[in-house]
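Quick mapping for you: the protein sequence lines, in order, are chains A and B. Taking the working numbering, the leading residue of the first sequence gets 2, the next gets one more, and so forth. Taking the working numbering, the leading residue of the second sequence gets 118, the next gets one more, and so forth.
Please keep in mind that the hints were generated in silico from the structure rather than gathered at the bench. Errors might be hidden in some of the hints.
[As the list claims (entries may be wrong)] Cβ-Cβ distance ranges computed for the label pairs, FRET-style:
(1) I60(A) x A342(B): 36 to 44 Å
(2) Y683(B) x A36(A): 57 to 65 Å
(3) A36(A) x A563(B): 39 to 47 Å
Idealized CB from N, CA, C, for every residue including glycine.
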Amino acid sequence: MSIDLRIPMGMMFTMTGAILFAFGLSTRGNTLLYARSLGIDVNLWWGLVLLVFGIAMLIFGRRNQMCIAREDQKTKS
Amino acid sequence: MSNLASVDWMILLLYLFFATGIGFSLKSNTNSTKNFFQAGRALPAWLCGLAFLAAGFGSEEVIAMGAAGAKYGLAGAEFYSIGAIPSMLFVALYLMPIYYGSKARSVPEYLALRFDEKTRLLNAALFAAMTLFAAGVSLYAMARVFNALQIFAVPLRGLGLPPQAVVMVTLAFPALVVLAYIFFGGLTGTMYNMVLQFFVLVAGFFPMVILGLRKIGGLSGLKAALPATSYLREFGGAGSGGIAAIFAALGLGIVFGAGFWCADFRVLQTAFAAKDSQSATRTPLIAAFGRLFAPLLLVLTGLIAIGMPTPHTTTTVREDNGAIYHEITVVPPAAEAGQGLVPAEADAAGQPVRDAAGHTVLNYGQAMPNLLPQFLPVGVLGLGVAALLACLMCAVATNIMAFSTVFTCDLYQSRIRKGASDKHYLAAGRWAAAAGIGLAIGIACAAMRFNDLLVAMTLVFATVNAPLFALVLLGIFWKRSTGHGAFAGLLAGASAAIAHHALTLPIAAQHGLHGGWIAVFHRYPSSLAQGLWTIFLAFSASLLVAAAVSLCTDARQETDLRGLVYSLTPKPSYSRLWWQRPEALALLILLLAAALSIALA
Numbered sequence: 002m003s004i005d006l007r008i009p010m011g012m013m014f015t016m017t018g019a020i021l022f023a024f025g026l027s028t029r030g031n032t033l034l035y036a037r038s039l040g041i042d043v044n045l046w047w048g049l050v051l052l053v054f055g056i057a058m059l060i061f062g063r064r065n066q067m068c069i070a071r072e073d074q075k076t077k078s
Numbered sequence: 118m119s120n121l122a123s124v125d126w127m128i129l130l131l132y133l134f135f136a137t138g139i140g141f142s143l144k145s146n147t148n149s150t151k152n153f154f155q156a157g158r159a160l161p162a163w164l165c166g167l168a169f170l171a172a173g174f175g176s177e178e179v180i181a182m183g184a185a186g187a188k189y190g191l192a193g194a195e196f197y198s199i200g201a202i203p204s205m206l207f208v209a210l211y212l213m214p215i216y217y218g219s220k221a222r223s224v225p226e227y228l229a230l231r232f233d234e235k236t237r238l239l240n241a242a243l244f245a246a247m248t249l250f251a252a253g254v255s256l257y258a259m260a261r262v263f264n265a266l267q268i269f270a271v272p273l274r275g276l277g278l279p280p281q282a283v284v285m286v287t288l289a290f291p292a293l294v295v296l297a298y299i300f301f302g303g304l305t306g307t308m309y310n311m312v313l314q315f316f317v318l319v320a321g322f323f324p325m326v327i328l329g330l331r332k333i334g335g336l337s338g339l340k341a342a343l344p345a346t347s348y349l350r351e352f353g354g355a356g357s358g359g360i361a362a363i364f365a366a367l368g369l370g371i372v373f374g375a376g377f378w379c380a381d382f383r384v385l386q387t388a389f390a391a392k393d394s395q396s397a398t399r400t401p402l403i404a405a406f407g408r409l410f411a412p413l414l415l416v417l418t419g420l421i422a423i424g425m426p427t428p429h430t431t432t433t434v435r436e437d438n439g440a441i442y443h444e445i446t447v448v449p450p451a452a453e454a455g456q457g458l459v460p461a462e463a464d465a466a467g468q469p470v471r472d473a474a475g476h477t478v479l480n481y482g483q484a485m486p487n488l489l490p491q492f493l494p495v496g497v498l499g500l501g502v503a504a505l506l507a508c509l510m511c512a513v514a515t516n517i518m519a520f521s522t523v524f525t526c527d528l529y530q531s532r533i534r535k536g537a538s539d540k541h542y543l544a545a546g547r548w549a550a551a552a553g554i555g556l557a558i559g560i561a562c563a564a565m566r567f568n569d570l571l572v573a574m575t576l577v578f579a580t581v582n583a584p585l586f587a588l589v590l591l592g593i594f595w596k597r598s599t600g601h602g603a604f605a606g607l608l609a610g611a612s613a614a615i616a617h618h619a620l621t622l623p624i625a626a627q628h629g630l631h632g633g634w635i636a637v638f639h640r641y642p643s644s645l646a647q648g649l650w651t652i653f654l655a656f657s658a659s660l661l662v663a664a665a666v667s668l669c670t671d672a673r674q675e676t677d678l679r680g681l682v683y684s685l686t687p688k689p690s691y692s693r694l695w696w697q698r699p700e701a702l703a704l705l706i707l708l709l710a711a712a713l714s715i716a717l718a
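Just need the whole structure built from these sequences, with the hints factored in.
Below, the structure is given as structure tokens:
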């Protein structure tokens, strides 16, 4: 059985979200940087959204993988 | 365009790392042709559905959709949906159970089961050529976009590379990433990446659309900012207007959409990988659900790009502590001659290109890429660039994976070398993918030399897919259709497409790849209209000839056709609860589509 896609995907989005969130936090109030995005700190907010999405993917993927492992054990025993 | 900061690079590299990493992690699993070409027929419906959607984006190209939005407006983009949604529901309910149940590994293989080997051979050869051409064009589009954005140019020039080499690297590097995950991961690797690409795409473009809409003043502001044109006029034939044009648009749109979603193996291969028949049926339905909302994300970017003010070379004089500064922002002439953020096509000297009527020719493909640096600040900009890269790589991967499958199963195994071991065909598939990437890079280089090659894409589609769709319809729904009929239909359709292209020309286009290379009998109002009529004629010619020849030749025994023809296949028994049946989901999608069209009209 190949790996559940949600695990690498969750890892990627969690990391991306964390990077963006941290960067957004450190550049908060930098009007020059956020002039493009109409003064909104997009990094902070979008980073947060991606972080939540990534963690949710990780949880679902993990749960599914454990379900499969349990079923495999049942069929073996 | 601004340079990417280190945060941007970090995000971009993170994406590339995971893209290749997924391929490598599947390496030990990809140990048989079933795993390589069919992802072991073990993937869940949600994954196949999202991959189906992404494969569709890949082949019609996200860039093209943004471009269509910029070129033909929301109505024009809706038009893509006119064909897409009903076709996806149709393929789910009627074709997928047959395709999947026949256990064919590819669409040409289904043709072999239903008709005969010669039909399969002809279709497989045409299809393989089409995928290589499309992969090359996608690679070319990728190089063009990234060159215009100057993203890879800065770090590469730092290494002391000449501009020519920089272009080659922007071309070859993403191609190698794609090859890595196809080579090691097979269809599983490709589909896992498609789903990842889908999510990266949404993550990268969504903030851009929201910010763009805010800036331009919401949907009403967008409508006000757009030039008022009736886009529907473009679809009908010359002279026809009103209701007739709308019906023509509907008819043509349905044939175009159906040819793509119902018969194109590039998309269907994702559903062939589903774990069971029920999942295979659900795959296009899930994709259709996503397809409903995709235009909102993609087409809007094109519209926003058109609606933004056109950049001009400006000089602002500023006084600072008694000193006077002249700040000059220089805009290239091609960008200045464009509309909104969509620049004009530039010739070798950087001057805007004009057509025969004197209008500037706009480079719509640049609509979406130009919007990225406009709204995304450092940080999410990296994600936006990753999204752009993801959708372009998806287009290349879809084509190369389909090429590898069709080449190995339908040309190599059935014609060149029969009866070799599974290991042998697995290696053949891997190396076919590698050779495919190499050829695609070659085609991309040729496209760079001859810019006009791009317009031949619709012709290629009409020659390959439109006749195929006619055959699939006849094969599945008419048990009387025969192998000789199918073969004749395929030939007739392809010739009709080429002949029509050779005899007509869009208004204000030059002879050559745009058409009219024998004589010009008819002029269409736009190249879109010409392309759609080519597709329609190819489809009709194929349908009529195949039917006529079938009636003159002997039909196959009904017992041989069990499971290959709709009327001779036992219906799958779904759950007795009506809301769990695929028909219920299809109806819901249809109602949503209608509601959405009314809301946007």
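Now for the hints, and whether the structure bears them out:
1. At about 43 Å, the CB distance of I60(A) to A342(B) agrees with the hint of 36 to 44 Å.
2. A beta carbon spacing of about 60 Å between Y683(B) and A36(A) agrees with the range 57 to 65 Å that was offered as a hint.
3. Distance hint check: the CB atoms of A36(A) and A563(B) are about 42 Å apart, consistent with the given range 39 to 47 Å.
Checked against the numbered hints given earlier, the structure satisfies every one of them.
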